[in-house]
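Q: Just so you know, the protein sequences line up as chains A and B, in that order.
Letter by letter, the first sequence follows residues 1 to 201 of UniProt numbering.
Letter by letter, the second sequence follows residues 1 to 201 of UniProt numbering.
FYI, nobody ran anything at the bench for these hints, they're computed from the structure.
There's no promise every hint is true.
[Said to hold, decoys possible] Ranges between beta-carbon positions, derived for each pair:
#1 Ser112(B) with Glu150(A): 29 to 35 Å
#2 Gly116(B) with Arg42(A): 22 to 28 Å
#3 Pro197(A) with Gly185(B): 55 to 61 Å
#4 Ala45(B) with Gly164(A): 49 to 55 Å
#5 Arg2(B) with Ala132(A): 28 to 34 Å
#6 Glu148(B) with Ile147(A): 52 to 58 Å
#7 Ser121(B) with Ala45(A): 27 to 33 Å
#8 Pro38(B) with Leu114(A): 19 to 25 Å
#9 Glu73(A) with Ala45(B): 20 to 26 Å
[What the hints assert, rightly or not] If you want a taste of the chain A side facing chain B, the calculated C-beta under 8 Å gives, among others:
#10 Gln26
#11 Glu53
#12 Ala66
#13 Ser87
#14 Leu92
#15 Ser189
We treat Cβ as the ideally placed atom computed from N, Cα and C, and that holds for glycine.
Listed below are the residues making up each chain.
There are 2 protein chains.
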Amino acid sequence: MRFSPLVEQLMDAFRVLPGVGPKTAQRMAMHLLERERPGGQRLAAVIQQAIEEVGYCQRCRTLTEAEVCLLCESPRRDDALLCVVESPADQLAIEEAGGFKGRYFVLHGHLSPLDGIGPESIGLDLLEARVAEGLVEEVVLATNPTIEGEATAHYIASQLAEYGVKLSRLAYGVPMGGELEYVDGGTLSRAFNGRLPFASE
Amino acid sequence: MRFSPLVEQLMDAFRVLPGVGPKTAQRMAMHLLERERPGGQRLAAVIQQAIEEVGYCQRCRTLTEAEVCLLCESPRRDDALLCVVESPADQLAIEEAGGFKGRYFVLHGHLSPLDGIGPESIGLDLLEARVAEGLVEEVVLATNPTIEGEATAHYIASQLAEYGVKLSRLAYGVPMGGELEYVDGGTLSRAFNGRLPFASE
Ligand SMILES: [Zn+2]
Ligand SMILES: [Zn+2]
Chain A
1 MRFSPLVEQL MDAFRVLPGV GPKTAQRMAM HLLERERPGG QRLAAVIQQA IEEVGYCQRC
61 RTLTEAEVCL LCESPRRDDA LLCVVESPAD QLAIEEAGGF KGRYFVLHGH LSPLDGIGPE
121 SIGLDLLEAR VAEGLVEEVV LATNPTIEGE ATAHYIASQL AEYGVKLSRL AYGVPMGGEL
181 EYVDGGTLSR AFNGRLPFAS E
Chain B
1 MRFSPLVEQL MDAFRVLPGV GPKTAQRMAM HLLERERPGG QRLAAVIQQA IEEVGYCQRC
61 RTLTEAEVCL LCESPRRDDA LLCVVESPAD QLAIEEAGGF KGRYFVLHGH LSPLDGIGPE
121 SIGLDLLEAR VAEGLVEEVV LATNPTIEGE ATAHYIASQL AEYGVKLSRL AYGVPMGGEL
181 EYVDGGTLSR AFNGRLPFAS E
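Could you build the full structure based on these sequences and the hints that come with them?
A: Okay, here's the thing in C-alpha cells:
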C-alpha cells in the first residue's frame, strides 16, 4: 500500500528541500495535512510569490524582490570596503557573525569553465564596473576555502589588479575544503579581523 | 542586516515544517531560490492542491483525495481484521513493516477530554458502525503505547464489547511512551505477530 496519488506527490515534492530524505518528507507531508493546513497554505503562497518576485539586487546581486537591496541602500555601510562572497547564505553568515561594516558582492557560484560558468555568469563584469567607480579601497575575497573558491579569488584579483585596490582574503580560521555557510560566527568573525593581503601568485 | 521582506517571509514560512529551526529554514529558502526554483514551484503547487483536495476516506478516515481510499477498495485485504491507529503515519509504518493484511481505521488523534476531543472527534461513531456491519472478527487496537493511547484503547474496547469481536493489542516490543511512527519495521512486525488478547480492565 501507498497513500493516494496526491499524498504521494506531496511527499515526493518535499524531497526538493536540502537534507530531506524519504522519511522526513513523509513526516512533513503528514504534519501539514494533519496539523498545519493554514501554515501549509501560507508556505505554498510565500514560495510561489518569492520564486516569482525575488531576483538579484542590481548593485550587489544578493537576493531581493526590490531593484536595489536594503544593505546597498543603507547609508550606514562603508563604501570603501567590498566583500565578495559566493552565495547569499555566505553573506548572511558573515552578517550574523557581526563586525564587518562594508558592502557585499554576491557571485552566486564560482568559476567553473567545464560547466560553462565563466566570469559573466558570476557577475564579474558588474563587479569590475563597481570597482571602476573608484569608491572601493579594499576588496575582501571571501569565496569558499575550496579549490574552486581559491581559483575564483585569483581570477578576480588579476581582473582588478589595474584598479590599484587593496585585495584581501579571510584569515584561515576556516577549515580547508569547508563551506563558509556552516562556519560558526566566532570563527568567521576572527577570520575577518585577521584578514590578510591577497597574494595573487 | 536581514534579507528583504519577502525572503524573510519565506524563511519564516518554512518553520511550520516539523524539526525545522531558523537555521534549517534559512538553508531551505536559499536552496530553493538559488538552485531549485522549478522544484519549489512544484512544491508550492502540490501543497496548495493537497491542502484543498485531501480529506478523510469515508470508510477508514485515512488521508486521501478520493471518497474511499485505495486500501479500503482493495479486494485483497482481509475484512475480518481491523487495525485501529492514531494517525496515517502509524498506518504507513505498519504497512511498511509488512505482514498485516487486514484493514485500518484512523482516529487522527486520541481521546483528550480536557482538550474537548471526545469519541466523535476521533470517529468512534464511524468505527462502531463499521464493526456493527458484522464482517470484522478482530479489532487490533494499535494506538500509541502512551497513557492517552492506552486510555483510548480501553474506551474503544468497552464501546465494542457488545459486538463480541475479538480485541487485541500490539505485543510490547515498542517502548512505553514511544510513538509508533518512529519504531523500526522489524520491531513493529514482531509486535504485530505477537499481538495479545485485549484485557479491558
Ligand atoms: Zn544590494
Ligand atoms: Zn479507507
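Q: Next, verify each hint and record whether it holds.
A: Now the hints, each set against the structure:
no., hint, result
1, Ser112(B) with Glu150(A): 29 to 35 Å, "violated, 58 Å"
2, Gly116(B) with Arg42(A): 22 to 28 Å, "holds, 25 Å"
3, Pro197(A) with Gly185(B): 55 to 61 Å, "holds, 58 Å"
4, Ala45(B) with Gly164(A): 49 to 55 Å, "holds, 52 Å"
5, Arg2(B) with Ala132(A): 28 to 34 Å, "holds, 30 Å"
6, Glu148(B) with Ile147(A): 52 to 58 Å, "holds, 55 Å"
7, Ser121(B) with Ala45(A): 27 to 33 Å, "holds, 29 Å"
8, Pro38(B) with Leu114(A): 19 to 25 Å, "holds, 23 Å"
9, Glu73(A) with Ala45(B): 20 to 26 Å, "violated, 34 Å"
10, Gln26, "holds, 7 Å"
11, Glu53, "holds, 6 Å"
12, Ala66, "holds, 6 Å"
13, Ser87, "holds, 6 Å"
14, Leu92, "holds, 7 Å"
15, Ser189, "violated, 15 Å"
When each numbered hint is compared with the structure, violations occur for hints 1, 9 and 15.
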